[in-house]
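*Asks:* Given next are the chains, with one letter for each unit.
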Amino acid sequence: AQKITQTQPGMFVQEKEAVTLDCTYDTSDQSYGLFWYKQPSSGEMIFLIYQGSYDEQNATEGRYSLNFQKARKSANLVISASQLGDSAMYFCAISPDKLIFGTGTRLQVFP
Amino acid sequence: EAGVAQSPRYKIIEKRQSVAFWCNPISGHATLYWYQQILGQGPKLLIQFQNNGVVDDSQLPKDRFSAERLKGVDSTLKIQPAKLEDSAVYLCASSLVWGQGWEQYFGPGTRLTVT
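Keeping their order, the protein sequence lines are chains G and U.
Letter 10 of the first sequence, counting from 1, is numbered 10 in this note's numbering, and no numbers are missing.
Letter 17 of the second sequence, counting from 1, is numbered 17 in this note's numbering, and no numbers are missing.
This is chain G alone, in the form it adopts within the complex:
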C-alpha cells in the first residue's frame, strides 16, 4: 500500500521569500511517480510538478522545484520568490498507477 504524509497543516511565508513544503511517502513499488498539486479556494486542483522515481535530477517548473531524496522517501516542494497568488492548499501525491494524496498543507503568503 502507498501512503503520503504531509506534516505541516499550515505555513506562512512573506512575499518574495522561498518556502519548502514537506512530503514523505511510503511505497513498496520500485517504479512510481510523485506529484504536487495546488488547490486554490476556487476548488480546482492545478498540477504543479512531477518527479519519476528513476529520475536522477530534481524536477523544476518555473518557480517550483521538487527536492527528491529517494533514500529518505521525501519529495519536498520548494517555491522560490513567493507571490500573493501562491496562497492555497498544496497536495503531494504518489502514483504507482493511481493518485494517492496526502492531507495537504495550507500556504499563506503575506505582503
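Bear in mind the hints are in silico, worked out from the structure with no lab data behind them.
Ideal placement from N, C-alpha and C gives every residue a C-beta, glycine not left out.
It cannot be assumed that every hint is accurate.
[Said to hold, decoys possible] Below, a sample of chain G positions facing chain U; criterion: calculated Cβ distance under 10 Å:
| id | residue |
| --- | --- |
| 1 | M11 |
| 2 | F35 |
| 3 | Q39 |
| 4 | M89 |
Since the structure of chain G is already known, use the hints to place chain U on it.
*Replies:* Frame of chain G, contents of chain U only:
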C-alpha cells in the same frame, strides 16, 4: 483547449434523496477519474475509467454509488440514497492516457451538502 467541465457546481439535498453529477473531460482524453474530497482531506479516488471500461472501482461504495461513462466521453456519478457522510466535493479529472507519469487535469468540482 477547454478544460474538464463539471455540473452542477453546488448541490444541497436531504439524506435519502438521490443526486447525479456530470463530467465532460478534455477532448481526446481516454482516462476519466472521479474523486471524493471530504473537508480537510486530500481527494480519494472513487472510480477510474479507461474509455468506457472500469479500471478501478475498489473504493466506490457500490451499495449507493454508481458511475457510467457511455461512449467513452462524458460521465455521470450517482448517489442513491445519500447519507450525511457523503457531504464532500466531488472532483472529476481526465488524462490523455492511463499511466504513472501522466498528468491528471481536474475540473472545478461539485460541492455536495447532505442535510
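*Asks:* If a hint holds in the structure, say so; if it doesn't, say that too.
*Replies:* Hints and how they fare:
1. M11: It is violated, given that the least Cβ distance between M11(G) and chain U is near 16 Å, above 10 Å.
2. F35: Check passed: Cβ of F35(G) comes within 8 Å of chain U, closer than 10 Å.
3. Q39: 9 Å, holds
4. M89: 9 Å, holds
Going down the numbered hints, you'll see the structure goes against just number 1.
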